[in-house]
Amino acid sequence: MDVSTIVNIILCVLSFILAAISVVTVVITLRQNNKMIEESTRPFISVYTDEINAGNPFFYLVIKNFGKSTAYITKFEYDFDFNGCYKIRNDRDYLQQLNNAVLAPGQSRICTLDYQRIDRAVTFTLEYHSGAKKTYSDEFTIDLKAGVSMPYGKVATEGKELRTISYALQEMLQKNL
Numbered sequence: 368m369d370v371s372t373i374v375n376i377i378l379c380v381l382s383f384i385l386a387a388i389s390v391v392t393v394v395i396t397l398r399q400n401n402k403m404i405e406e407s408t409r410p411f412i413s414v415y416t417d418e419i420n421a422g423n424p425f426f427y428l429v430i431k432n433f434g435k436s437t438a439y440i441t442k443f444e445y446d447f448d449f450n451g452c453y454k455i456r457n458d459r460d461y462l463q464q465l466n467n468a469v470l471a472p473g474q475s476r477i478c479t480l481d482y483q484r485i486d487r488a489v490t491f492t493l494e495y496h497s498g499a500k501k502t503y504s505d506e507f508t509i510d511l512k513a514g515v516s517m518p519y520g521k522v523a524t525e526g527k528e529l530r531t532i533s534y535a536l537q538e539m540l541q542k543n544l
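Mind the numbering: the sequence shown is residues 368 to 544 in this note's numbering, read in order.
A couple of the hints might just be wrong.
Claimed, not checked - Simulated pairs of lysine to any residue, SDA-like, Cα-Cα distance not exceeding 25 angstroms: (1) K542 - K402; (2) K442 - T408; (3) K435 - Y415; (4) K402 - T392.
No lab work stands behind these hints: they were computed from the structure.
Whole structure, please, built from the sequences with the hints as guidance.
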């Protein structure tokens, strides 16, 4: 074997090794990109509470899809008996209706609760999937009363109620831009 043949064989082997490394690198990069795209477009359901005080305080349980795709809820369970805790007096457990519900991106379901009847933290177990049938599950324990009744000021506007309403609506509109 002459020197040029040996050099050609070595170059062929090196080319093959570099091509194999390139293919492996591309496959790894594609998998990472796929995971990043999935994470950025997946549904993400959160459960939290909020209070609205428009003269009388209302305590709300909010179930919201903060994700970028539709969430199909297949399981919505909790370890607390909400019967008797709703502002509407009824023996019906309204939260059970969230099983098999669908939440579009940004959509929420709210339920008015009686603040005084919530006496402990609640563990929620959720299972939901996206339109691509990728299943997600979450289990978390939250104190529904934590941080809800924070003090905030109200404006006394004797004789200027319409102006105050107008300014408040304009402020809300500007904050949502």
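Hint by hint, here is what the structure shows:
1. Between K542 and K402, the direct Cα distance comes to roughly 33 angstroms. Violation of the 25 angstroms bound is thereby established for this hinted pair.
2. About 21 angstroms separates the Cα atoms of K442 and T408, which keeps this hinted pair within 25 angstroms; it holds.
3. A threshold of 25 angstroms between alpha carbons decides the hint, and for K435 with Y415 the separation of about 19 angstroms falls inside it, so the pair holds.
4. A distance of roughly 16 angstroms separates the Cα atoms of K402 and T392; the hinted pair therefore holds under the 25 angstroms criterion.
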